[in-house]
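Hey, can you work out the whole structure from these sequences and the hints?
Protein chains: 2
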Amino acid sequence: MSLRPEQLRALVENYLDELSLTAELGGLAEPVRYAIGGKRVRPVICLATGDALGLPLDHLLPAAAAVELIHSFSLVHDDLPALDDDRERRGEPSVWAEFGEAEAILAGDALVAEAFRLALTYPTADVARELVGATLQMIGGQWLDLRGEGDRDELHRLKTGALFSASVGCALAAGEVPKVEREPWREFAAELGLLFQVVDDLLDGDGYVLDVGEDGARRLADEAAERAHARLDPIDADTDVLAAIVDDLAARTS
Amino acid sequence: MSLRPEQLRALVENYLDELSLTAELGGLAEPVRYAIGGKRVRPVICLATGDALGLPLDHLLPAAAAVELIHSFSLVHDDLPALDDDRERRGEPSVWAEFGEAEAILAGDALVAEAFRLALTYPTADVARELVGATLQMIGGQWLDLRGEGDRDELHRLKTGALFSASVGCALAAGEVPKVEREPWREFAAELGLLFQVVDDLLDGDGYVLDVGEDGARRLADEAAERAHARLDPIDADTDVLAAIVDDLAARTS
Chain A
1 MSLRPEQLRA LVENYLDELS LTAELGGLAE PVRYAIGGKR VRPVICLATG
51 DALGLPLDHL LPAAAAVELI HSFSLVHDDL PALDDDRERR GEPSVWAEFG
101 EAEAILAGDA LVAEAFRLAL TYPTADVARE LVGATLQMIG GQWLDLRGEG
151 DRDELHRLKT GALFSASVGC ALAAGEVPKV EREPWREFAA ELGLLFQVVD
201 DLLDGDGYVL DVGEDGARRL ADEAAERAHA RLDPIDADTD VLAAIVDDLA
251 ARTS
Chain B
1 MSLRPEQLRA LVENYLDELS LTAELGGLAE PVRYAIGGKR VRPVICLATG
51 DALGLPLDHL LPAAAAVELI HSFSLVHDDL PALDDDRERR GEPSVWAEFG
101 EAEAILAGDA LVAEAFRLAL TYPTADVARE LVGATLQMIG GQWLDLRGEG
151 DRDELHRLKT GALFSASVGC ALAAGEVPKV EREPWREFAA ELGLLFQVVD
201 DLLDGDGYVL DVGEDGARRL ADEAAERAHA RLDPIDADTD VLAAIVDDLA
251 ARTS
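These protein sequence lines are chains A and B, in that order. Using our numbering, read the first sequence as starting at 1 and increasing by one per residue. Using our numbering, read the second sequence as starting at 1 and increasing by one per residue.
Warning: the hint list may mix true and false statements.
As the list claims (entries may be wrong) - What the simulated footprint calls covered on chain B by chain A, stretch by stretch (three residues with Cβ under 8 Å from a Cβ of chain A suffice, anywhere in the stretch; the number is not a length):
1) 19-33
2) 103-110
3) 136-146
As the list claims (entries may be wrong) - From chain A, some residues computed to sit far from chain B (all C-beta separations above 10 Å):
4) 14
5) 17
6) 88
7) 125
8) 146
9) 187
10) 210
11) 237
12) 248
13) 253
What the hints assert, rightly or not - If you anchor each label on the Cβ, the simulated ranges turn out as follows:
14) B:39 / A:6: 47 to 57 Å
15) B:14 / A:6: 49 to 59 Å
16) A:59 / B:121: 44 to 54 Å
17) B:123 / A:59: 18 to 28 Å
18) B:182 / A:206: 47 to 57 Å
19) B:121 / A:90: 35 to 45 Å
20) B:84 / A:23: 19 to 29 Å
21) B:58 / A:98: 41 to 51 Å
22) B:216 / A:179: 27 to 37 Å
23) B:88 / A:100: 16 to 26 Å
24) B:13 / A:148: 48 to 58 Å
Just so you know, the hints here were simulated from the structure itself, not pulled from any lab data. The beta-carbon is built from N, C-alpha and C at its ideal position, and this holds for glycine as well.
Right, here's the structure in full:
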């Protein structure tokens with residue numbers, strides 16, 4: 001019996017709440033923990049992928065948390081005054097606004113390093129390899145964004161798509177799924193990432209909405225959701241929960 | 001026939017010059033490459049350790065470069081206005097002074113990620129594990145330094161000692177040296193790191209010199225060099241080049 005998305009989310013929350021950070025980080029643990037907020041979309045996808053493959057959820061939690069920490073790192077550094085200069089994140093002060101700039105720079109650094117520490121708790125190095133590829137793409141995407149370069153699709157692929165792909169990819173790596181069997185999963189992850197991004201832009205009235213209008217963006221989202229469902233069909237795994245996540249992402253209002 | 005330290009340094013320089021960065025980093029490659037300056041102390045120690053064990057140097061170069069990239073990352077972020085506010089590094093503009101703050105933040109992030117990418121080119125995950133442990137300690141050390149907390153020995157252990165230890169540790173990991181045989185090497189690395197730090201403080205007139213005076217610091221350095229030699233004695237490997245590195249570090253004037 002598969003767990004529902006909200007049950008997977010509760011597992012992630014609990015794991016992150018109880019996560020032991022490296023002792024030497026000392027007081028930096030406070031801004032690091034503060035930074036790990038959010039809806040847990042990516043770690044839930046990671047857990048649901050592993051669950052679909054019949055992997056024990058305990059085995060997936062470090063990978064799921066690692067993905068979330070990389071996401072948090074990117075937000076903490078992107079919010080800095082020198083980058084997006086965002087004083088708020090999810091209605092609360094951003095990390096630099098709450099703790100200071102130096103603290104936010106170091107907290108972001110610590111989040112990356114803790115993410116790799118978690119990814120390296122697996123016997124295989126493949127989980128960490130998935131994560132490092134996505135991290136490099138995200139940094140490249142942020143660079144393009146800073147320079148006002150790159151088209152919408154490229155920015156999306158680097159800044160959002162890469163980590164959605166790794167959310168699925170880290171579960172496959174943790175489960176040591178043979179590389180040849182990973183491709184259909186990756187195609188699913190790409191559609192899921194696009195769906196997430198377009199709906200995000202619909203909710204914020206920016207991004208794809210500026211390019212193709214609200215109706216156009218809604219159509220893009222619906223098509224991505226349809227393709228995501230279609231990508232799941234041929235996969236030989238119990239993908240009901242992943243299908244439910246597709247529907248949740250398409251219908252979300254926050 | 002072992003290579004001399006300056007020959008190892010030339011190998012590192014050449015490898016770093018020709019290093020292919022991740023394509024998606026795009027124009028960020030420029031500040032990243034600019035940041036990778038310095039004396040190559042740590043990667044030379046990594047290569048010399050591997051050479052002493054009879055490992056092929058080609059096999060060690062990614063690990064040696066990864067250590068240097070983590071060192072570069074720490075300097076790029078530490079120099080930022082919000083942290084040490086250093087406009088110069090090695091007589092040249094620091095990365096943020098040359099390219100801008102946002103660029104320096106992202107370049108530092110990219111250096112960490114590229115370091116882990118290189119460390120993850122090995123079949124074993126142990127090289128990356130060595131590196132992540134040191135990285136977390138360095139970040140913790142920088143936090144203590146920022147807050148004006150921590151005594152001299154603790155700051156040294158976290159900010160400098162950890163990466164010296166990883167310089168040796170990454171070579172042992174790349175060579176898949178059994179864990180039980182690594183302890184004498186670690187003791188050697190700890191003395192080498194202390195020797196480097198105290199001589200650095202002698203050259204800059206700060207750190208340990210402020211605590212114990214110039215004569216006291218010279219004595220600390222000489223004792224660390226003696227102990228480093230003594231730690232090499234029982235190690236069953238061709239450690240002549242490492243012994244030469246100890247003497248070079250003790251006698252260095254820049």
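So, going through the hints one by one against the coordinates:
Taking a C-beta to C-beta cut-off of 8 Å, the stretch 19-33 of chain B contributes 6 residues in contact with chain A, enough for the three needed, and the coverage statement holds. Only when three residues or more bring their CB closer than 8 Å to a CB of chain A does the claim for the stretch 103-110 of chain B stand; here the count is 6, and the claim holds. With a threshold of 8 Å between beta carbons, the proposed coverage of the stretch 136-146 of chain B by chain A holds, since 9 of its residues qualify and at least three are required. Residue placement check: residue 14 of chain A keeps its beta carbon more than 10 Å from all beta carbons of chain B (closest about 23 Å).
Taking the minimum C-beta to C-beta distance to chain B, about 20 Å, the non-interface status of residue 17 of chain A holds against the 10 Å cut. Consistency note on residue 88 of chain A: stated as away from chain B, and its beta-carbon is indeed over 10 Å from all of that chain's, at 19 Å minimum. Here residue 125 of chain A does not stay apart from chain B, with its beta-carbon only about 4 Å from theirs, under the 10 Å limit. Separation of residue 146 of chain A from chain B is inadequate, the least Cβ-Cβ distance of about 6 Å not exceeding the 10 Å criterion.
Against the 10 Å criterion, residue 187 of chain A stays outside the reach of chain B, whose nearest CB is about 20 Å from its own CB. The claim that residue 210 of chain A is not at the interface with chain B holds, since no C-beta of that chain comes within 10 Å of its own (minimum 23 Å). For residue 237 of chain A, the requirement that its beta carbon stay farther than 10 Å from each beta carbon of chain B is met, with the minimum near 26 Å. The Cβ of residue 248 of chain A lies farther than 10 Å from every Cβ of chain B, with a closest approach of about 30 Å, so its non-interface assignment holds.
Non-interface call for residue 253 of chain A relative to chain B: holds, since the shortest CB-CB distance, roughly 33 Å, exceeds 10 Å. Range check, residue 39 of chain B to residue 6 of chain A: Cβ separation about 54 Å, and the 47 to 57 Å hint holds. Judged by the Cβ atoms, the range 49 to 59 Å given for residue 14 of chain B and residue 6 of chain A holds: they are separated by roughly 55 Å. Here the CB-CB span from residue 59 of chain A to residue 121 of chain B is close to 25 Å, at odds with the stated 44 to 54 Å.
At about 21 Å, the CB distance of residue 123 of chain B to residue 59 of chain A agrees with the hint of 18 to 28 Å. Distance hint for residue 182 of chain B and residue 206 of chain A: a CB-CB separation of about 52 Å, consistent with the stated range 47 to 57 Å. The beta-carbon spacing between residue 121 of chain B and residue 90 of chain A, approximately 37 Å, falls within the hinted interval of 35 to 45 Å. Separated by about 24 Å at the C-beta atoms, residue 84 of chain B and residue 23 of chain A satisfy the suggested range of 19 to 29 Å.
About 47 Å separates the C-beta atoms of residue 58 of chain B and residue 98 of chain A, a value consistent with the hinted range of 41 to 51 Å. Hint check: residue 216 of chain B to residue 179 of chain A, Cβ distance near 58 Å, so the stated range 27 to 37 Å is violated. Residue 88 of chain B and residue 100 of chain A have their C-beta atoms about 24 Å apart, which keeps the hinted 16 to 26 Å range intact. Separated by about 35 Å at the C-beta atoms, residue 13 of chain B and residue 148 of chain A break the suggested range of 48 to 58 Å.
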